[in-house]
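Q: So the sequence lines, in the order shown, correspond to chains L and D. Heads up: the first sequence begins at 86 in our numbering, then just goes up one per residue. Heads up: the second sequence begins at 513 in our numbering, then just goes up one per residue.
Straight-line C-alpha distance at most 20 Å; calculated EDC-like pairs for lysine to aspartate or glutamate: (1) L:K266 - L:E381; (2) L:K247 - L:E320; (3) L:K119 - D:D915; (4) D:K951 - L:E159.
If you want the ones that stay clear, here's a sample from chain L, every Cβ over 10 Å from chain D, calculated: (5) K266; (6) S268; (7) Q289; (8) E320; (9) S344; (10) L358.
Among chain D residues calculated to face chain L with C-beta under 7 Å, some are: (11) N992; (12) D1040; (13) N1043.
For the record, the hints were derived by calculation from the structure and aren't laboratory data. All C-beta atoms, glycine included, are put in the ideal place defined by N, C-alpha and C.
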Amino acid sequence: MGHRSHPVRARWSVGWTLAGVLSCAACLPEDTRKTPGSLVVTLTGGSASSDGLTTTDGWRVVFQRFIVVAGEIELDGDDCDQYAENDYSRIFDATSPAPQRAGIFYGVGRCDFAFLVSPPRWDTLLGAGMSDADSIALRTPGSDPYAQDAGISIFVEGVAEKGGENKRFQWPFRRFIQYEKCSVLTAEQTPQRGVILERDEATQLDLAVHGESFFETSGPAPATAFEPFRAADGEHGDGDGVVTLEELARTPWGGPPDSDGREWSTLGDRVYLGLLQRVVRYGGGGTCSTLSTPTEPDDDGPF
Amino acid sequence: MLFDNPVRVWAQSRGLFWVLPLLASPAAAQSRAPEPPQAPASAQVRAPELRHDPGVGYPEAALKNGFFDRVIVALVLEVAKDGSVASATIEGPPQPLFDQAALAAARELRFAPALKDGVPVVARIRFRYVFEAPPPVLSGKVLEDRTGSAVAGAAVTVRAGDGAEFRLRTTDDGAFRSEGIPRGPVEVAIVAGGLAPQTVQVELTPGSETQVVARLAGVPVTAAKPDAPSPRTDVPLEVVVRGEKLAPAVSSLSRAEVRQMPGVFGDAFRAIEVLPGVTPIASGFPFFYVRGAPPGNVGYFLHGIRIPYLFHVALGPSVIHPGLVERVDLHAGGYPARFGRYAGGIVSAEMTAPRTDTHGEANIRLFDAGALVETGFADGRGTLLLGGRYSYTALLFSLLVPDVLLDYRDYQARVTYDVTERDRLSVLGIGAYDLLAQKQQNGLNVLFGTEFYRLGLAHEHTFDAGSLRTGVTLGYDQTNMGDEGNAIDRSIALRTEFKHSLGERALLRAGADTTLDDYESRSPKYVDPENPEVVAFERNNPGRTDRAVGAFCDVVLDVAPGVEVTPGARVDWYHSLSADAVAVEPRLAARFQVSDRLTLVHAYGLTHQPPSFTLNLPGRSPAGLEGGLQKSLQTSAGMELELGAGTKLTSTLFHNAFFDMTDALSSEHDGPPDARPPERSLGSATGFELLLNRRMTQRLGGFVSYTLSRSTRSVGRERFPSTFDRTHVLNVAGAYDLGRAWRAGARFVFYTGTPVLPELHGLIPPPRSEHPDRASPFYRLDLRLEKRWNLGERTWISFVFEVMNATLSKESFGGTELGPITIPSIGAEMGF
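Between the sequences and the hints, there should be enough to build the whole structure, so can you do that?
A: And the structure:
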């Protein structure tokens, strides 16, 4: 009998073997990626957005409310390892001159930078000074000459004054604007596309809100003007002292083509479909390819 | 039982005297007649003589294990002066099951004591038992198909695998019966004058009775013309092997049936989708609603062990090797009291019984390979099973999409050991692993991963009138949601179940269980902590320890012939974070056999469940009991009608009422499910189910499964159909033996569309409509073709081609089309 294993011992040895197999089996991989670099993205209301501006034609324009919904920032590219996606947006008060955090990203390599200005979703975060009521108002479907049953991505409300004449404006823009392939000019005046993330290095990038963009003229020299807007309420509108999007849409645009060659038939077209894309700008005076659409660029469907 | 008289006797005095010196081998002794005792010449010695032998049966546990061999147990008995057996010891190699039975039986023997000079003395004798497995029983009835009348005098010829023939005749009531046919596969041929002959293959198993009911069709009276069709010969035989009695209102699928079902890839769990009451979410997507209850409210159990999910990622196979699954039961509602803690249906898989003979199977397919092997050890007292599956999708994907890693695998291990004839210890280990990851320059970026492992230790004691099963299960579950975080659950569950027969007409079933789940949430290292998905994940999966304790009891009562009533109840206590809740759940099920063919079935029950997510994922469960438990009142009434020719019709009316549901998938419409605390909803599901079934294992088998239902939810003042409410769901399948071991099958699936949800793009949702537009209906065709070769008595190999959605149909969800999701499978299977 000496060569026979004891039944109880054999039983336990089988059991321990099994337990050993099981204990080794928990094997979803841990995150062993090397330490990445970080990128903190902020959004800042420019001086015009926060302090107002005096247009070239002498109007003093002050924004009382300037709300921008931005986010869904994406780092991408063949040479880019983005460590996590940040598929969310935030409602910003662009009258605040202080940088507001839009998100932090981790990655390594040369990454294309893209972001989206769009109406908020159910999970869009509230920036400083924003409330649930603001979120609900922005998410409530509405229509205007350029959009139907859509939410609001940029909302501006303010007053323009010149020589004792006041004009109010309240413009809810219902638009999705996708910014892609953003780049800046380096000190050597060569375009640098995207951002470069080095290991263990922190990088910062600021998106600036330029309220003056609504009033930019199309002449050869950079200038701003409010007179066309005054006329929209006066000659082409109801003269009630409030400049509306509907009045802008009825106001013919007779200025020269924009610097990119685009021509517009109405002031509303120019503001809604053209200038609106220049309100939010890539940091450091950079530029992006933009795509402005009345609906969400990509619909993921039911899943 | 067969008993050998003691053939040789030796006795050794314990200070008394020698009766006989040690003998030769038992085999040699068997053929010899008892020899007179040899003793000192001066003594007159008479050996003990057997007077009373109550006998001993072949151990049931051996039969359950599939062990049928002839076994001889040699004993040495000490016969006292009064003729009783003072002691018994085993001589020879241990054969535990049989040794225990022999020792117990030997103590009941009575002898005329040994005599020395006419005076009773203590004697030691050699004794032996020969165990022969009880013969299988083949019985049945022969009926005329049209009238159902008995056919007397029909010739029943049984051909065994070795060519031996056994000829039987039906009695006046059309019955036949034989206990003299050896075990194994046999062919039963039935011939009666004026009726079309029938033949069927059945497997005869020792200890089991196999019943064959043949309905013979009539042969045309007029002489058949040369080109006239031959008499109908496809009137089927119905074969029933007596086995476990299923609970009322349960839908059950055996693996043998599932193997023939097109579009399920031999996977018993996937086959659940064909049953009435089951509403698919999307074609090929292995998650489903059961009578209006969403996937998160459906519980999955393997041999009583809770498992978090059934299928590998994407469209993968089930996480349990099919060879380990004997049967899958769908308890759509009003289920037995031993099931609880889920507000929807229960999918319960029973494992195959342990087998001591070495057997196994293996398969290789386009995407994975699997194998399972089982053998006995310790002279039949123990069994060891090892199984597993490995996907080489990782390799395939690396060729197609180099930076994506998709991987899955699972394994199973089982050890059983019969400590005594009545006590069995078993250890079960199962595990499943899924990973979807992106290969980056700096390492692996996990996009989604799940794994779960179970280690269960159980002890089962059987006694004359029942059994007691006690087990402990350790669990480790983990889901890696990539950027959102990891959720981990380490669990321990204790469970005891008791069955006791209270006479011939009542069976008591009772038990208790407790579970402890220790949850842990791990945030990823490189994410934005403000990301709402990360925040939601941390909120939904806080570290904590949840507890649940429950007890249940029901009684299966045969209150009258053909009337079975099962009243029962269970009580559960839940604790999560700082909240507690208690649930009391009455259950009632009943079967009324109205006639030989018609049975009415009723099932009612109240069930509770803590808050749940949309889908069950390992390690993830909502924390706390805020808002209370989810509740479901389940009612159903139906009938089962035997139509003859092996065909059965089952129809059921059901109504389920749901309360306080955390059913985000069905009712949430502002944001994706599970992303924030869901709105509690009321709900109901009402419907009619129909199943016309002829076993897929027959030469021509198939089924029609149809569900007409409406499932609604109510939140506040809004009432609306459930997101995946489908009015009509139809499955029609057939399989046919083409001859020469070719078998072909097809399945047609049709269901109507889900409610069309408005595309919100983040907008405040409008009020929900009670009668929204519906997406387009969907249909698909699944095909299966198998060729099988028998390479020996037990060895076979088959080639299987199968395709799900051969019609390349696309599915519509509102304005979005999905697919076509088509899964082809080419593979080979073998078994021995």
